[in-house]
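Chains as they are written, first to last, in this note's numbering: chain A, 1 to 93; chain B, 1001 to 1486; chain C, 2001 to 2481.
A few of these clues could be false.
To be verified - Quick look at which bits of chain B chain A covers, simulated, 3 or more residues with Cβ under 8 Å:
| # | region |
| --- | --- |
| 1 | 1075 to 1084 |
| 2 | 1335 to 1343 |
| 3 | 1374 to 1387 |
Said to hold, decoys possible - Derived pair list, reagent style PhoX-like, types lysine-lysine, alpha-carbon separation capped at 25 Å:
| # | chain 1 | residue 1 | chain 2 | residue 2 |
| --- | --- | --- | --- | --- |
| 4 | C | K2477 | C | K2445 |
| 5 | A | K90 | C | K2130 |
| 6 | B | K1233 | C | K2079 |
| 7 | C | K2445 | C | K2412 |
| 8 | C | K2340 | C | K2324 |
| 9 | C | K2448 | B | K1233 |
| 10 | B | K1062 | A | K90 |
| 11 | A | K90 | C | K2459 |
| 12 | C | K2130 | A | K11 |
| 13 | C | K2464 | C | K2477 |
| 14 | C | K2324 | C | K2220 |
| 15 | C | K2072 | C | K2053 |
| 16 | B | K1144 | B | K1300 |
| 17 | B | K1144 | A | K45 |
| 18 | C | K2324 | A | K11 |
| 19 | C | K2202 | C | K2018 |
| 20 | B | K1091 | A | K11 |
| 21 | B | K1144 | B | K1413 |
| 22 | B | K1233 | C | K2468 |
| 23 | B | K1233 | C | K2018 |
| 24 | B | K1300 | A | K11 |
| 25 | C | K2389 | C | K2445 |
| 26 | C | K2459 | C | K2433 |
| 27 | C | K2448 | C | K2464 |
| 28 | C | K2448 | C | K2433 |
| 29 | C | K2433 | A | K90 |
| 30 | C | K2079 | C | K2115 |
| 31 | A | K90 | C | K2214 |
| 32 | C | K2115 | C | K2220 |
For the record, the hints were derived by calculation from the structure and aren't laboratory data.
Just so it is clear, CB atoms sit at the ideal spot from N, CA and C, and this is done for glycine as well.
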Amino acid sequence: MDRAEIENIAKLAKLHIEDDQIDEAIAGMSNILELVEQLSSADTKNVIPMAHPLDALQRLRADEISENNVRDEFQAIAPETENGLFLVPKVID
Amino acid sequence: MYNNSISIWAEKLRKREVSSAELTQFFLKRIEKLDPQYNSFITTCNEQALAQANAADALLAKGDAPALCGIPIAHKDIFCTRGVLTTCGSKMLANFVPPYNATSVENFARAGTVTLGKTNMDEFAMGSSNETSFFGPVKNPWDKECVAGGSSGGSAAAVAACLTPGATATDTGGSIRQPASLCGITGIKPTYGRVSRWGMIAFASSLDQGGVMARNAQDAALLLSTMASFDAKDSTSIERPVEDYSHTLNTSLEGLTIGVPDEYFGEGLNPETATTVQAAIAEIEKLGAKTKAIQLPHTKLAVPAYYVIAPAECSANLSRFDGVRYGYRAELKEGEGVEALYVRSRSEAFGDEVKRRIMVGAYALSAGYYDAYYAQAQKARRLIQQDFVEAFKEVDLIMGPTAPNPAFKIGAKGNDPVAMYLEDIFTIATNLAGLPGMSIPCGFVDNKPCGLQIIGNYFAEGRMLNAAHQFQCATDFHSFEPADIA
Amino acid sequence: MAWETVIGLEIHVQLATKSKLFSGASIAFGAEPNTQACAIDLAMPGTLPVPNKKAFEYAVMFGIAANAEIGKRSVFERKNYFYPDLPKGYQTTQLAEPIVGAGYFDIQLDDGESKRIRIHHAHLEEDAGKSLHEDFHGMSGIDLNRAGTPLIEVVTEPDMRSAEEAVAFAKQLHQIVTALEICDGEMAQGSMRFDVNISVRKPGDPLGTRTETKNLNSFKFMEEAIELEVERQIREIESGNKIVQETRLYNGETRKARSMRSKEDSNDYRYFPCPDLLPIELDDEFIDQARARMPELPEAKKTRFINEYGLSEYDASIITTDAKTANYYESVVQLCKLPKPAANWIIGDLAAQLNKQELSIGESQISPEQLAGLLVRIDDGTISSKGAKTVFEALWSDGGTADEIIERKGLKQVSDTSALEAIADEIIANNPKQVDNFRAASADKQPKMLGFFVGQAMKATQGKADPKVLNQILLSKLTGQ
């Protein structure tokens, strides 16, 4: 794990690491990755990855409209809204 | 009377010896008076609680109220409560008042319980000591210089200090059992899918499971019977009737086989904890159960697998906290755009541990690393589950220590995340497998509580609570309490 | 040697369900901003997705139509990236195990040839919301009504070799999804959106570097964007430059395209299986039921219209271009049993009127019942063809039934033989000179000369005489036959 790598990850995660904390962050990450490295010792040939604790299957919902307009209630707790829209700094494609 | 169990309070409420309003006021006063030393609550709901209590009293007066009607409880601040601040222990949600209830909160409300308040927790449930909370660490009622454990440290301390007769909590890698152990109370995390995750703010979706904390197994059974449900709003909820866990508490343990994993008594375990836990297992044997040494050979993979899977899931789960629709939004400087809105809001409002885990997760999923980390961890997860599947062919329950050490000093592991992660070494595997686990008090190490962990097969909550209750009928570790709470 | 164009398409098809892919909020178009965004769509903390069964049914129907293998097991994954219109910070989509596997469509080209376009796969995913860039004091507004709308993304192989082929494919796909009624096909509302992958090469060479032009929502823009991009790529290569792999945006109004981002800035999406959702397994019964629910596809419908209604190949193909027109046509025919006139009016006057008003057939001011009423009155001779046009226009603008309009406007033709005979006798009596001329003329000149008498009779009846009947009466009286 080096500076470029951690900066790239921070960028993906939309987090900023202060310059004077980069070394500490790298050390912290490296420690954890070292712990996680132990996984490579496991013989996982022919083992099917397990994404869910239970081997259950997805239920499907009937196509019905069950939700009402909740805009006012939810926008009351939003940081910035206008005319029913959530406002963000100008988005440029 | 502060230390009455839920079943006693329920009896008194039904007989109208006490009203829910009196009971509620009594606990709210205790919280006001005592909690400044523990910091176990983030929010108390005085007005709402009294309104709920009055409604419960009206129902009780009619005579056909549900079992828990009028009982005050506390909810971990990870459960969304309509109209009540829900912070998840984070600056990110320090202003968040959801317009909706978690299904668990709803289930308790329907049963007529009263919500005293919302309990402190590690930020987004990421931590084993409650030190990552934006609202400050919870102090262990047994030793206020020590941690209460985490992430449900607030619920555990509140129950231990008798600020509430019971509380909800969640467990992603041990977050119910470890603080229960450190605070000397009873805590149970049921099978994954037994308690709805709707409205329970996600840390790691495939591991998170709600559960309860109380002063004994009998109370835990009452609470869990109310909290558990099938919920069509949660795709991972199990469509299966909920048992009344109180019904089977008195079943004899005669003929029960208890598996004791060799791996849970090896390196890293405090020797006194080992002795205490072994003595407790011997006590269970006296009640008619047999013990059998078993092997869970992939135990050593649990912590590494967990620290890939949980961060990977959390890195995506926490992406919704972007300052756009709710929660913390950074003050932007002139000319700053959307990117700054995201980066500044998230960087300013997430604590270090949360950021660290998001970063680890993003890294483990990133191009070129997925197979080595994430895919490998999911395979290790299956190996760990298979260990349990094999073991449960031969045993009914598994018992061992909950935590390797008793409560440690606040700040002692602050700079070493990995040392902190190893505190969950015995609890993590059950989350990976989706199995139910619980912790009950079984003695003291360094004058601090020590927990016995009971792991059951899928949906064996009734069996676990039964064993725990029988143990508590024969012993009194659960009725000890910290010195200055009276 | 000439350049060869290589085109692959990714098409986002909005499914015509009632509710969203993962929530019970409505997907109806045109609602006030954020009034159809529920807690799940807003990615409120603690909310969870539950998938819509109908979306799977529709995806399976599409898969069957695409001659594709149906993914009996499919898995939702999270595609991670931050964007204001993506509330969760990830899109729930399918990657490794999609609902529809490899398949194909055969498209008809203008030269009558057919060409097979292979489908790589199609997957279910949720749509994003919308960013509105009107100025809110220098800020953008976010509307999440569209967030969570079910989509299938259809990914083709790079099998198209020209803009015409790509457009022909796109039109056929439009025809099929509307025929299946799994998509409303309203392109202007974004119900179908095309991403076009374009590269050029010398025939026989390996594939060139491609660019992706995103979010085209009309066939016209698609054609223009492809032509423009092909020209640009050839120009770049011929002047010694390399094509950079990038995402481009085409502006249909300025007819210009620009680079949006290059591959280097592209995101690392960190896909992984969504832990809030379980694998979906569809059994044979589910697939059979979806198959049973499938309506007739355009090709089969066209053949049936030719056989059953005696339509020409041309008329049948126009009427079956989209399911709504075909349904409209069949409703009319069912009511009036006049298949050929129905086709003529729908392709002719009705289409012209819809075009003029820029409306789809679903928005027609004249219902099948109204049109059928008109056709019956033309057929039984109640009105003349001129009168029919008047009735049609009145139906469009004022509504009502053909009979009401005929009555109100007095358009009923006089076809009562005795009345017309009396008029004919009177005209013959009053114009002896013209009668003599007519009778003296040779047989080949007579039809032309008959016009005078018809004109007089029409004048006398104020144009309401049935010309067919009138002709016959006058001719027989004048020739004495």
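> Are C:K2448 and C:K2433 close enough, with their CA atoms no more than 25 Å apart?
Replying inline: Since the Cα atoms of C:K2448 and C:K2433 sit roughly 16 Å apart, the hinted pair holds (cutoff 25 Å).
>> Does C:K2053 sit within 25 Å of C:K2072, going by the straight-line distance between their CA atoms?
In response: holds, 14 Å
>> Does B:K1413 sit within 25 Å of B:K1144, going by the straight-line distance between their CA atoms?
In response: Satisfied, since the Cα-Cα distance of roughly 16 Å is no more than 25 Å.
>> Check the hint pairing C:K2448 with B:K1233 against an upper bound of 25 Å on the C-alpha distance.
In response: violated, 82 Å
> Does B:K1144 pair with B:K1300 here, judged by a C-alpha cut-off of 25 Å?
Replying inline: Distance of about 32 Å is beyond 25 Å: violated.
>> For a C-alpha distance cap of 25 Å, please report whether C:K2389 and C:K2445 respect it.
In response: violated, 32 Å
> Regarding the pair B:K1233 and C:K2468, is the alpha-carbon distance no greater than 25 Å?
Replying inline: Violated, because 71 Å separates the two Cα atoms, which is more than 25 Å.
> Are 3 or more residues of the region 1075 to 1084 of chain B near chain A, judged by a Cβ distance of less than 8 Å?
Replying inline: violated (count 0)
> Hey, B:K1233 versus C:K2018, does the alpha-carbon distance stay inside 25 Å?
Replying inline: With a Cα-Cα distance of about 18 Å, the restraint between B:K1233 and C:K2018 holds, given a limit of 25 Å.
> Quick one, are C:K2433 and A:K90 close enough, alpha carbons at most 25 Å?
Replying inline: With a Cα-Cα distance of about 87 Å, the restraint between C:K2433 and A:K90 is violated, given a limit of 25 Å.
>> Between the alpha carbons of B:K1062 and A:K90, is the straight-line distance 25 Å or under?
In response: Not OK: B:K1062 and A:K90 at ~59 Å, beyond 25 Å, violated.
> Are the Cα atoms of C:K2324 and C:K2220 separated by 25 Å or less?
Replying inline: holds, 21 Å
Of the hints listed earlier, those the structure fails to meet are numbers 1, 7, 9, 10, 11, 16, 17, 18, 19, 22, 24, 25, 29 and 30, in rising order.
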